[in-house]
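Number of protein chains: 2
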Amino acid sequence: MKRIKLTVAYDGTDYCGWQIQPNGITVEEVLNRNLSELTGEEITVTGASRTDSGVHAQGNVAVFDSDTTIPPERIAYAVNRKLPEDIVVIRSEEVPGDWHPRYQETEKTYEYHILNREMPDPVRRRDTYFVSYPLDLEAMRRAAAYLKGEHDFKSFCNAHTDVQDTVRTIYDLDIIRSGDLVTVRIRGNGFLYNMVRIIVGTLVRVGRGFYSPGQVKEILEAKERTSAGVTAPPQGLVLVKIDYPGTGT
Amino acid sequence: MKRIKLTVAYDGTDYCGWQIQPNGITVEEVLNRNLSELTGEEITVTGASRTDSGVHAQGNVAVFDSDTTIPPERIAYAVNRKLPEDIVVIRSEEVPGDWHPRYQETEKTYEYHILNREMPDPVRRRDTYFVSYPLDLEAMRRAAAYLKGEHDFKSFCNAHTDVQDTVRTIYDLDIIRSGDLVTVRIRGNGFLYNMVRIIVGTLVRVGRGFYSPGQVKEILEAKERTSAGVTAPPQGLVLVKIDYPGTGT
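Chains as they are written, first to last, in the numbering used here: chain A, 861 to 1109; chain B, 861 to 1109.
Bear in mind the hints are in silico, worked out from the structure with no lab data behind them. It cannot be assumed that every hint is accurate.
What the hints assert, rightly or not - Chain A side only, calculated, beta carbon under 8 angstroms to chain B, not exhaustive:
1) Asp871
2) Glu945
3) Val948
4) Asp981
5) Pro982
6) Arg985
7) Asp987
Given the structure is predicted, the values throughout are model-derived calculations rather than measurements. Ideal placement from N, C-alpha and C gives every residue a C-beta, glycine not left out.
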């Protein structure tokens, strides 16, 4: 029996998120079905991050246990031949039998893509949030500075969650413009439910001039979801990668 | 009666190209239907470029004549509220009644996007050509240099066409890498049927080492379609813009 770690990319547009649920097709169930067909075993993957409906990934992580004779690093190529083209296993490798994608120290990197110009771009409608108003990126960067470091992010957590500990650490929060594309890149030790999308929704309100950068400090200190901006839409968000600094994987 | 010029962007994935045809839905017919509904007239647009099935546009051009009282520059916003989200009119403006999008001097700019890395990216599958082999960009640039200027591009024209004059001028042909995305940007006074895609298919063969850069000069001189490389797939191609240097529009 081997434990196999998968690095998984997907276009989340046509999925009801990662986690199996009764009302729609999910990335997890498509992986389970295709890995089961490939190995002839009943495979159940354990994922690192339960991305929401419409959210994309370049590097989500999952593990499963199998007796397959396919060499671990070939599993990616073998299952990609079966998977639909909106899910790709980027990498497969053997990890120790007790390696778990969630119960250890992690660093997650997300990007949120905003298309900031006067008219929408139909080719980018599935992976960007279209904002036609001018954005003051300097104001957004000053606001973002208040969010870096260790804080209680209760104001930036969807209220429909039962998580108790809302303290997280943001290591980097950069806002980069390239032509009409504005990328918010954020790296932290973990993120609450909808946290990146609420941060982006709030920063966009700063960029439009509705909040001053200093108000973001007040929002953070309020520890109340209703004080922050709206949740930015899912299609702009991509889970770029998950690092495991403790294990070097 | 006014003549209105439209600048049109679309995601070509789900269309059988620009031009109306019996076997599938096209961008032209969707524009005609929605402009007719908007104005209450029977509108027939005349397009500048008949892009192929699956090819995208940031700035194709079309004109139509109308008695509508909607101000010319507002037509874009009004019709965008009706159009499906994969077609967007970027701009609308009045032009002289004899202004024609094809029968005058034009400069067209295309980009072709190649995703060049080991594994596909599901989010970019609709607007890039995935090439997993390493590409020698310097060799591709040396080959591209032979194609710049005025030449008979018969070798780079789909044989299923009855066009007589196959002489065209390429003003610029640049190959730029940004991370794992390779962009071939090409500007010319006109392009033959499939010409950009055959050029890209040939340059990719140079980049993989199957042709030397000098062979591209021989292919050009052969004036025979079978001498060039395969036609690169449509989804990597986007018509960026059409300029009309004679009229300043």
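Against chain B, is aspartate 871 (chain A) within 8 angstroms by beta-carbon distance? 4 angstroms, holds
Double-check aspartate 981 (chain A) for me: the hint is only fine if its C-beta lies closer than 8 angstroms to a C-beta in chain B. Check passed: Cβ of aspartate 981 (chain A) comes within 6 angstroms of chain B, closer than 8 angstroms.
Identify whether the interface hint at valine 948 (chain A) stands, where standing means a beta carbon of chain B within less than 8 angstroms of its own. Holds - the Cβ of valine 948 (chain A) comes within 8 angstroms of chain B, reaching about 5 angstroms at its closest.
Was the hint right that arginine 985 (chain A) lines chain B, CB cutoff 8 angstroms? 6 angstroms, holds
Are aspartate 987 (chain A) and chain B close enough, Cβ to Cβ, to be under 8 angstroms, as the hint says? Cβ of aspartate 987 (chain A) sits 5 angstroms from chain B, so the hint holds.
Would you check whether glutamate 945 (chain A) satisfies its interface hint, that is, whether its CB is within less than 8 angstroms of any CB in chain B? This interface hint holds because 6 angstroms falls under the 8 angstroms limit.
Is the hint on proline 982 (chain A) kept, meaning its closest Cβ partner in chain B is under 8 angstroms away? Cβ of proline 982 (chain A) sits 4 angstroms from chain B, so the hint holds.
Hint check: no violations occur; every hint is consistent with the structure.
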